[in-house]
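Based on the sequences and whatever the hints tell you, model everything.
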Amino acid sequence: MAIHNVLKTIYINNDHDEFLRYEIVGDENDDVSYAMAFVEVKVEHEGFSFSVWSKLDNITLDHLSPKRTGFQTEVRTAPYPGKTISSAIDECKKHRARWSR
1 MAIHNVLKTI YINNDHDEFL RYEIVGDEND DVSYAMAFVE VKVEHEGFSF
51 SVWSKLDNIT LDHLSPKRTG FQTEVRTAPY PGKTISSAID ECKKHRARWS
101 R
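Numbers 1 to 101, taken from the numbering used here, label the letters of the sequence shown in order.
Please keep in mind that the hints were generated in silico from the structure rather than gathered at the bench.
Lysine to aspartate or glutamate pairs mimicking EDC-like chemistry, simulated, CA-CA at most 20 Å apart:
hint, residue 1, residue 2
1, K8, E23
2, K94, E40
3, K94, E23
4, K93, E18
5, K83, D27
Note that this is a predicted model, so its numbers are computed, not measured.
Right under this line is the structure:
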């Protein structure tokens, strides 16, 4: 069994105040694993209107650190940023810039 923790929750909007919620998830050692994106959905039922968060996407962060197996297959001019809270936030910002309804 694996335990995952939400290390940080951020909200990123566009110029029209449409927010997406991002949860950066880590393992039991608090190492960053991946991020999840949620979109606000407005629901109307029996005359009541309310908002819920619906999961939109999983954002993988594996490309932020080098592969740990096999032989070196590439030469990089800059080091990998690594899986950190700040690099995960940068990936969330990139996701938000690409996403629209």
